[in-house]
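Just so you know, the sequences run in chain order C and U.
Just so we're aligned, residue 19 is where the first sequence starts under the working numbering, counting upward by one.
Just so we're aligned, residue 900 is where the second sequence starts under the working numbering, counting upward by one.
Because the hints were derived from the structure by calculation, they are not lab data.
Every residue, glycine too, gets a C-beta built ideally from N, C-alpha and C.
Treat the hints with care, since some could be wrong.
Not the full set, but computed from the structure, chain U residues with beta-carbon under 10 Å of chain C [as the list claims (entries may be wrong)]: (1) LYS948; (2) VAL955; (3) ARG957; (4) SER959; (5) MET960; (6) ARG987; (7) THR993; (8) GLY1001; (9) THR1056; (10) THR1059.
Some chain U residues flagged as far from chain C (calculated, every beta-carbon gap over 12 Å) [claimed, not checked]: (11) ASP922; (12) PRO928; (13) PRO938; (14) GLY952; (15) GLU974; (16) GLU999; (17) ALA1053; (18) GLU1065; (19) LEU1070; (20) ASP1100; (21) PRO1122; (22) ALA1152.
The calculated label-pair distances, taken between Cβ atoms and stated as ranges, are [what the hints assert, rightly or not]: (23) LEU222(C) / PRO917(U): 23 to 31 Å; (24) ARG1080(U) / VAL23(C): 25 to 33 Å; (25) ILE1036(U) / SER179(C): 47 to 55 Å; (26) GLY940(U) / SER168(C): 41 to 49 Å; (27) GLY940(U) / ALA339(C): 36 to 44 Å; (28) ARG1073(U) / GLN344(C): 26 to 34 Å.
Below are the chains, spelled out letter by letter.
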Amino acid sequence: MSRFVVSWGALSLATALALGGSLAIGSGSLDDPEMGRTFLLLRSYRFANAFLAGSALAVGGVLVQGLFRNPLASPSLLGTSAGASLGGALVLLAWDSLLVATVPTWFPPELVLPFGCLAGALVALGVLLYVTGGQPAIVTVLLTGFILSSLFLSISGLLVSLAQESWQLGRAVVAFTLGGVEAKGPRHVALAVPMVAAGGAAALLWGRHLDVLSSGEEEASALGVDVAQVRRWIIVWTGVLTAAAVAIGGNIGFVGLVVPHALRPFVGAAHGRLIPAAAVGGGAFVALADVAIRALPARGQIPLGVFTGLVGAPLFLRLLARAARQGRLS
Amino acid sequence: MSEGLRVQGLFARHRHGPDVVRDVSFDAPRGQITALLGPNGAGKSTILKALIGLVVARGSMELDGRPISAMSRNERATRMAWVPQRSRLQVRLTARQVVEHGRFAHRPLLVGPSRADRAAVEGGLERAGASEVADRIFVELSGGEQQRVLLARALATGATTLLLDEPTAALDARQVLLFHRALRELAEDGHCVLIVMHGLDEVHRHADRTVLLRRGRVHRSGPTDQVVSEAPIREVYGVEVRPGTALGIRLPAGGTR
Chain C
19 MSRFVVSWGA LSLATALALG GSLAIGSGSL DDPEMGRTFL LLRSYRFANA FLAGSALAVG
79 GVLVQGLFRN PLASPSLLGT SAGASLGGAL VLLAWDSLLV ATVPTWFPPE LVLPFGCLAG
139 ALVALGVLLY VTGGQPAIVT VLLTGFILSS LFLSISGLLV SLAQESWQLG RAVVAFTLGG
199 VEAKGPRHVA LAVPMVAAGG AAALLWGRHL DVLSSGEEEA SALGVDVAQV RRWIIVWTGV
259 LTAAAVAIGG NIGFVGLVVP HALRPFVGAA HGRLIPAAAV GGGAFVALAD VAIRALPARG
319 QIPLGVFTGL VGAPLFLRLL ARAARQGRLS
Chain U
900 MSEGLRVQGL FARHRHGPDV VRDVSFDAPR GQITALLGPN GAGKSTILKA LIGLVVARGS
960 MELDGRPISA MSRNERATRM AWVPQRSRLQ VRLTARQVVE HGRFAHRPLL VGPSRADRAA
1020 VEGGLERAGA SEVADRIFVE LSGGEQQRVL LARALATGAT TLLLDEPTAA LDARQVLLFH
1080 RALRELAEDG HCVLIVMHGL DEVHRHADRT VLLRRGRVHR SGPTDQVVSE APIREVYGVE
1140 VRPGTALGIR LPAGGTR
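Chain C extracted, bound-state conformation (with noise of 0.2 Å):
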């Protein structure tokens, strides 16, 4: 049986147990005649929010380290999560204070969030790109990439002392930007749906650029590629792909660097059979920390990226210390 076709049965296997575990374990009986179809239903949109945030980060992981040509990089450690955080929790303060008075009531404010996430997470890849100039030095990138992170959230930690004047705005920011995939309902699936699926289609429609690009730009340009444009394209979709991902599931950190390394060895490093593994192992990998989030006994709930960070931090550490050895670093 050929490494592929493990691959693809181990992913089935993982997205059959994530959502298994997601519509069985959590506060509530199913057997409750009453409550049990309304916990099913929530916890169905709960795991629906969770693989489609996963799905997004690991095919916007994919996207960056295709640009970039870096296995470093990934959403999270570029800033452009953050931007899309800062962006979204700036949207909240506008809807708040300008827009809510404008707009008909029944007009539901996570319609405006991907779009405060959208235009956050484009600023943050263009400042990425303006600042390294689009060279891929690994050290010149995610250093830029912590410098937006930590600039970013200074600013959304600013926003949320501002938004606690009013205590339930302040507590839609807080909520937002600590983020988490609970309460999260069929109105953040409908939303997230259409811009991963275009998020994931436009990935594989620019896979087959970004694999003669992982030549380099001259060789890739000299084959026919036109490097700026596939640069253009593939910020726009990484970008659409982190704003669905955290206007459904806040700031998750690691999953576009942790998946992409993990399925390489076996579908291969080619973008035709790396984005759809990536769509599905990201969906799982999240899914699945979801559940293990709600199995552990703690009194309130932990949050979604302390367990992706516990598993993305040893591995993103592990890649430096090899990337150091081989030189690779300057």
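Start from chain C and add chain U according to the hints.
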């Protein structure tokens, strides 16, 4: 209409730098191997990059009588192929996958590889003598094997003009001879081969025509025998040519790849 490459009054520079190629003119006819020769910094690689649009260039560059500047990105990529000194590829792709990149400009966006694409890939691997390593991981291959794969990728583009940048720099003596044999066969089939080389012996042995460059300008160009000779070499390199001192190495009769 001239067949092959014709360069006239070429100036070229990197994006933010001064001109490193100044008023360069030469012909690289089809069916022959033309070498670009010169000391470090003479502008050899920059000329190749100017031809494929990687540096800022002005002047006249024609391929088979057609201005290269009038060609679309795709047309250029299917008519001229560049073989770099070494690939910057870092990810684990098989040699065949790398060669498949040569078909990029031929494939419409949403369409998978056609029968013609597959035939071109296999044909490129075969002609470059890289079929045996096709399923191995490119970054794990030896320098010589990698260079053959890059030549296979260039051939898979379907281009009949090959621009090679010191392709033999990291190869051992046997690999150099094998590589040049493959290039000679291609030239005999009507390819236009323009190749940057460092070694005077290598140029003397393998190139039909030579463009000798010095500080970005053409010092002498023409048939190799006339260019790689005592006076021009002394003027450009400051060394004496001693005829008959090179090792006469060759592949054994019926030598295999």
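Comparing the hints with the structure gives:
A distance limit of 10 Å between C-beta atoms decides the matter here; for LYS948(U) the minimum to chain C is near 8 Å, and the interface restraint holds. Against a cut-off of 10 Å between C-beta atoms, the interface hint on VAL955(U) is violated, since the closest Cβ of chain C lies about 14 Å away. With a cut of 10 Å, the hint placing ARG957(U) at the interface with chain C is violated, because the nearest CB-to-CB distance is about 19 Å. Annotation: interface hint on SER959(U) violated; nearest CB of chain C at approximately 21 Å, more than 10 Å.
At its closest, the beta carbon of MET960(U) sits 15 Å from a beta carbon of chain C; the interface hint therefore is violated under the 10 Å criterion. With its C-beta approaching chain C no nearer than about 3 Å, ARG987(U) sits inside the 10 Å limit, and its interface hint holds. Checking THR993(U) against chain C: minimum C-beta separation of about 8 Å stays under 10 Å; hint holds. Taking 10 Å as the C-beta cut-off, the interface hint given for GLY1001(U) holds, the closest approach to chain C being about 7 Å.
A distance limit of 10 Å between C-beta atoms decides the matter here; for THR1056(U) the minimum to chain C is near 7 Å, and the interface restraint holds. Of the supplied interface hints, the one on THR1059(U) is violated, with its beta-carbon coming no nearer than about 15 Å to a beta-carbon of chain C, more than 10 Å. Every Cβ of chain C is farther than 12 Å from the Cβ of ASP922(U); the closest lies at roughly 25 Å, confirming the non-interface assignment. The non-interface label for PRO928(U) is consistent with chain C: the shortest C-beta to C-beta separation is roughly 22 Å, beyond 12 Å.
Against the 12 Å criterion, PRO938(U) stays outside the reach of chain C, whose nearest CB is about 23 Å from its own CB. With a minimum CB-CB distance of about 7 Å to chain C, GLY952(U) fails to clear the 12 Å threshold, and the non-interface call is violated. The claim that GLU974(U) lies off the interface is violated: its Cβ sits roughly 9 Å from the closest Cβ of chain C, which falls inside the 12 Å cut-off. A Cβ of chain C approaches the Cβ of GLU999(U) within 12 Å, the least distance being about 8 Å, so the stated non-interface status is violated.
Distance to chain C contradicts ALA1053(U) as a non-interface residue, since its nearest Cβ pair spans about 9 Å, not more than 12 Å. Remark: the non-interface label on GLU1065(U) is consistent with the geometry, its nearest Cβ contact in chain C lying 15 Å away (cut-off 12 Å). Annotated as non-interface, LEU1070(U) keeps its C-beta farther than 12 Å from every C-beta of chain C; the closest such distance is 19 Å. For ASP1100(U), the shortest C-beta to C-beta distance to chain C comes to about 29 Å, beyond the 12 Å cut-off, and the non-interface label holds.
With a least beta-carbon separation of about 29 Å from chain C, PRO1122(U) lies farther than 12 Å from that chain, consistent with its non-interface assignment. The Cβ of ALA1152(U) sits about 37 Å from the closest Cβ of chain C, beyond the 12 Å cut-off, so the non-interface label holds. Hint check: LEU222(C) to PRO917(U), Cβ distance near 43 Å, so the stated range 23 to 31 Å is violated. At about 42 Å, the beta-carbon gap between ARG1080(U) and VAL23(C) misses the expected band of 25 to 33 Å.
In this structure the supplied range 47 to 55 Å holds for ILE1036(U) paired with SER179(C), their Cβ-Cβ distance being about 52 Å. The given range of 41 to 49 Å is respected by GLY940(U) and SER168(C), whose C-beta atoms sit roughly 43 Å from each other. Checking the proposed 36 to 44 Å range against GLY940(U) and ALA339(C) shows it holds: the Cβ atoms sit about 38 Å from each other. ARG1073(U) and GLN344(C) have their C-beta atoms about 29 Å apart, which keeps the hinted 26 to 34 Å range intact.
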